[in-house]
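Protein chains in written order, with the working numbering: chain Z, 162 to 564; chain V, 162 to 564.
Hints may contain errors.
For chains that are exact copies, the list does not tell them apart, and a pair is met inside one copy or across any two.
[As the list claims (entries may be wrong)] Lysine-lysine pairs mimicking DSBU-like chemistry, simulated, CA-CA at most 35 Å apart:
| no. | residue 1 | residue 2 |
| --- | --- | --- |
| 1 | K329 | K349 |
| 2 | K395 | K195 |
| 3 | K205 | K188 |
| 4 | K372 | K447 |
| 5 | K439 | K296 |
| 6 | K205 | K561 |
| 7 | K537 | K191 |
| 8 | K561 | K352 |
| 9 | K399 | K372 |
| 10 | K205 | K399 |
| 11 | K352 | K395 |
| 12 | K447 | K359 |
| 13 | K191 | K173 |
| 14 | K473 | K372 |
| 15 | K447 | K329 |
Don't read these hints as lab results, they were simulated from the structure.
2 protein chains.
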Amino acid sequence: MVIDGMADRPIKELGYKTPLEAAITPKMDKMAEKGICGIMDPIKPGIRPGSDTSHISILGYDPYEVYTGRGPFEAAGVGVDVLPGDIAFRCNFSTVNNEGIITDRRAGRIRAGTDELAEYINGIKLDEDVQVIFKESTGHRAVLVLRGEGLSDQISDADPKHDGNAPKIVVALDGSEEANKTAEIVNKIVKKSYELLKNHPLNLKRINSGKPPANIIIPRGAGAVPKVQPFGKKYGLKPVCIAETGLIKGIAKIAGMELVDIEGATGGIDTNLENIKKGILETASKDFDFILINVDGADEAGHDGQMDEKVKFIEKVDTVIGEIMELEDVYFILTADHSTPISTMDHTGDPVPIVILGPEIRIDDVKYFNERSVAKGGLCRIRGNNIMDILMDLMNLSIKFGA
Amino acid sequence: MVIDGMADRPIKELGYKTPLEAAITPKMDKMAEKGICGIMDPIKPGIRPGSDTSHISILGYDPYEVYTGRGPFEAAGVGVDVLPGDIAFRCNFSTVNNEGIITDRRAGRIRAGTDELAEYINGIKLDEDVQVIFKESTGHRAVLVLRGEGLSDQISDADPKHDGNAPKIVVALDGSEEANKTAEIVNKIVKKSYELLKNHPLNLKRINSGKPPANIIIPRGAGAVPKVQPFGKKYGLKPVCIAETGLIKGIAKIAGMELVDIEGATGGIDTNLENIKKGILETASKDFDFILINVDGADEAGHDGQMDEKVKFIEKVDTVIGEIMELEDVYFILTADHSTPISTMDHTGDPVPIVILGPEIRIDDVKYFNERSVAKGGLCRIRGNNIMDILMDLMNLSIKFGA
Chain Z
162 MVIDGMADRP IKELGYKTPL EAAITPKMDK MAEKGICGIM DPIKPGIRPG SDTSHISILG
222 YDPYEVYTGR GPFEAAGVGV DVLPGDIAFR CNFSTVNNEG IITDRRAGRI RAGTDELAEY
282 INGIKLDEDV QVIFKESTGH RAVLVLRGEG LSDQISDADP KHDGNAPKIV VALDGSEEAN
342 KTAEIVNKIV KKSYELLKNH PLNLKRINSG KPPANIIIPR GAGAVPKVQP FGKKYGLKPV
402 CIAETGLIKG IAKIAGMELV DIEGATGGID TNLENIKKGI LETASKDFDF ILINVDGADE
462 AGHDGQMDEK VKFIEKVDTV IGEIMELEDV YFILTADHST PISTMDHTGD PVPIVILGPE
522 IRIDDVKYFN ERSVAKGGLC RIRGNNIMDI LMDLMNLSIK FGA
Chain V
162 MVIDGMADRP IKELGYKTPL EAAITPKMDK MAEKGICGIM DPIKPGIRPG SDTSHISILG
222 YDPYEVYTGR GPFEAAGVGV DVLPGDIAFR CNFSTVNNEG IITDRRAGRI RAGTDELAEY
282 INGIKLDEDV QVIFKESTGH RAVLVLRGEG LSDQISDADP KHDGNAPKIV VALDGSEEAN
342 KTAEIVNKIV KKSYELLKNH PLNLKRINSG KPPANIIIPR GAGAVPKVQP FGKKYGLKPV
402 CIAETGLIKG IAKIAGMELV DIEGATGGID TNLENIKKGI LETASKDFDF ILINVDGADE
462 AGHDGQMDEK VKFIEKVDTV IGEIMELEDV YFILTADHST PISTMDHTGD PVPIVILGPE
522 IRIDDVKYFN ERSVAKGGLC RIRGNNIMDI LMDLMNLSIK FGA
C-alpha cells in the first residue's frame with residue numbers, strides 16, 4: 162500500500178514535525194509496533210522520483226531501463242490496450258483560430274464531450290501500415306497511440322507550450338528514417354484533427370455559446386511503450402491493482418496486472434477511502450496473490466502546499482489501515498513512493514518510511530510510523546527495488562541462488 | 162568538510178574508544194545534535210579507499226571509471242595544467258653513479274633547488290609530436306607529463322624500488338604501438354635527464370659539500386589524465402576547494418574547481434587551522450555554491466601511529482567547527498574520507514561518520530559525533546557517491562526523474 166507523496170520534511174508550523182509525525186495515526190503506529198521498519202530510497206539516495214519511476218522500481222523493474230516517459234503509462238491508464246513498441250503521446254484538445262494560431266491550449270478547459278470528439282480521430286487512416294488510436298482522458302487531456310512497424314519516439318513535440326503560436330512542426334530528433342516517418346504522421350494527425358473537429362456538432366454548439374471550440378489536438382512527449390516482463394510471470398504471483406490515477410493504473414496495466422475500479426476514488430483528498438477499504442478487503446478475499454494499492458490524496462495536498470489537509474488526509478488513511486492489518490496470512494507493506502514536502506510542493510529525494518507486517522517478521526522495537534522513528538528499525542535503509550525480493554523471500558517463494 | 166583519515170578502530174590504550182570517541186569535541190557533538198547522522202562507506206562496505214578514490218566518489222564520480230592512478234592528480238596538484246589524455250607520472254630525483262647504478266633513490270632527500278633542476282628537464286624535445294612537461298613537487302618528488310597523440314599509460318616503471326640497481330628499462334605492458342612509443346620516450350627522458358643534470362651547478366655544489374647529487378629522474382605510475390565532466394557543469398554549482406595536499410588539490414583541479422591557498426596549511430598536525438578557518442569563512446562569503454574542504458593532519462597522525470597526536474588534532478579541528486556551523490543558509494557536511502587506524506597505520510575500509518546540518522533536515526536524536534553513535538542516526542548507512550545526490554536534493558536543485 163503506497164500512500165502517494167506521504168513523506169515530508171520537518172515543518173516549523175508543526176513544531177518541526179512532519180505531517181506524518183503530526184498526524185494522529187494509531188493504526189499505522191500499531192503496524193510499526195508489530196512489524197519491521199526502515200527507511201527506503203525509492204530509486205537511490207537523493208534521487209527525486211516521479212510516482213511512475215518509483216512504482217516501477219517498487220515493482221522490481223529498473224526505471225532507468227523501462228521508463229520512456231509518461232505517455233505510455235497515461236495511455237494504458239485511460240484504457241488503451243498498449244503493446245510494446247507502440248508510440249504513445251499525451252495530447253491536449255486545443256483551440257486554433259482561422260489563421261492556425263492556438264488561442265487556448267486547453268480549449269477553455271473543456272470537461273464534457275471529449276469522448277465524442279475522440280471518436281472522430283480514433284482510427285483515422287493516414288498511413289497504410291500505421292494504426293491511429295486516440296482516446297480522451299480527463300478534462301482537456303487525451304492520449305494518442307501509433308501502432309505499426311518502423312516507428313520511433315525520437316521526435317519533437319507539436320505543443321508550442323504557450324498560446325499565440327501555431328502548432329509546432331514535429332521533426333525527427335535523431336535523423337532516423339523511423340523518426341522521420343513518425344514525425345510526418347503526427348504532423349498529418351494535427352492537421353487532420355482540425356479538419357475533422359472544426360465543424361463537429363459539439364464545437365459548433367460551443368462556439369454558439371461563446372466557448373472556445375476543442376478543434377485541434379496537440380501531441381507531446383512521445384514515448385515507446387516498453388517491453389516489460391509481466392509481473393505475474395516475473396514473480397509467479399497473480400497480481401491486481403487498486404489505484405486512483407491513470408498514471409498508476411497505466412503502470413499496473415503495462416505490468417500485466419488486473420485493475421479494480423473503486424467508486425468515488427477521485428485521487429484527491431476528497432476520495433472515498435471507505436470504498437477503497439471495502440475494495441481492498443473484497444479483492445483480498447479473491448484469488449489474487451498480490452495487491453498493489455495507491456492512494457493519492459497526500460501527494461495532491463503536498464503539491465498544493467496544503468499542510469493541514471495533508472495531516473488530515475493521513476489521519477483519514479489511518480482509519481482504514483486497521484481492518485487491512487487484520488487480514489490473516491498476508492504480508493502487508495505500508496510505504497510511500499516519495500516525499501512531497503509542503504515546503505517544496507513537489508517530489509523530493511528524501512527517503513520514505515516503510516513497514517512490513519506479516520508472519521515470521523523480525524519485529525523491531527520501533528513504535529511509531531513516521532519518517533524519523535522508522536530509521537531505527539530492523540530494515541535500516543533499503544531501496545524500492547529491494548521490496549519484491551524481500552517480500553518473495555518472506556513468502557518463501559524465491560529461488561535460492563547457489564547451493 | 163573532509164577530515165582526512167579521522168575515523169579509526171577502538172584502541173585498548175583509550176579504553177577501547179576510537180580517537181574520535183576519546184577526543185573532547187563539543188562542536189562536532191553539537192553538529193550531531195542539530196543534524197542528521199549516519200555512517201558512510203566512501204566507496205563500498207569494506208573497500209579500502211585512497212584519499213583520491215574516496216574524494217572522487219564523494220564528489221559524485223565513479224572511481225572505478227575515473228581513477229587511472231595517482232600521477233594525474235599529483236601533476237594537477239602541483240600546478241601542471243593537465244589535459245585529458247595526457248600521460249602523467251610521479252617521479253623521484255635520484256642519484257646514480259658513473260656505472261649507472263642508483264645509489265640513492267631520494268637523492269639525499271633533497272629539499273631545495275629542485276625547481277632549478279626541473280627547468281633543465283621541462284620542455285625538452287625528444288619526439289616531434291610529444292610535449293614534455295616536468296615540474297618539481299615537495300622534497301625529492303616531481304611530476305612528469307607527456308602530451309601528444311598516440312600515447313598510452315600501459316607501460317612499466319623506471320623505478321627499480323631499491324637502491325643498488327640501474328633504472329629499469331620501461332616496456333609496453335600491452336604490446337600496443339602507443340605503449341611502445343611512450344615507453345621509448347620515457348627511456349629517453351631518463352637517459353637524457355642524467356646528461357642534463359649531472360653537471361648542473363646545483364649538483365656540482367652538492368657533490369662538493371658531500372651530498373648525493375640529484376642527477377637523474379626516475380618516473381613511475383604512468384596514468385592517463387581522465388576525461389572528467391567539470392563539477393560545476395555536472396551540478397550547476399560554482400565550486401571551490403580548500404585543501405592542503407597536492408593530491409586533493411589535483412582532484413579538485415581536474416574536476417574544474419577553483420583552489421584557495423591557505424598560508425601555513427602544511428597538511429600535517431602542525432597546520433594552521435586558524436588560517437584554514439578564516440579561509441573557509443572568507444570563501445563562504447564569496448560567490449561560490451560549493452566548498453570542498455580537506456584537512457589532512459589526522460591522516461598523517463594515523464599513518465605515523467601517533468595516537469595522542471591524532472586525538473589532539475581532532476580536538477583542534479573541533480575548535481574551528483563552531484563558526485562554520487553558524488553560517489546561514491548553508492548545508493554543512495562533516496565527514497572523513499576513510500579510516501586511518503593507529504593500529505594499522507594505513508587506510509582501512511571501515512565506514513566513516515557523517516553528519517549533515519542545514520535547513521529542513523530530518524534531525525535525529527544522535528548527540529555525539531563519532532564512529533559508533535552516528536550509526537544510529539537518520540541517514541543509516543550511505544555511500545560516498547550518495548552525498549552529492551542527497552545534497553542537491555536538499556538544496557532543491559535536482560531534476561525529477563519521472564512524473
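Handout entry: Hint numbers contradicted by this structure
Key = 4, 9, 11, 12, 14 and 15
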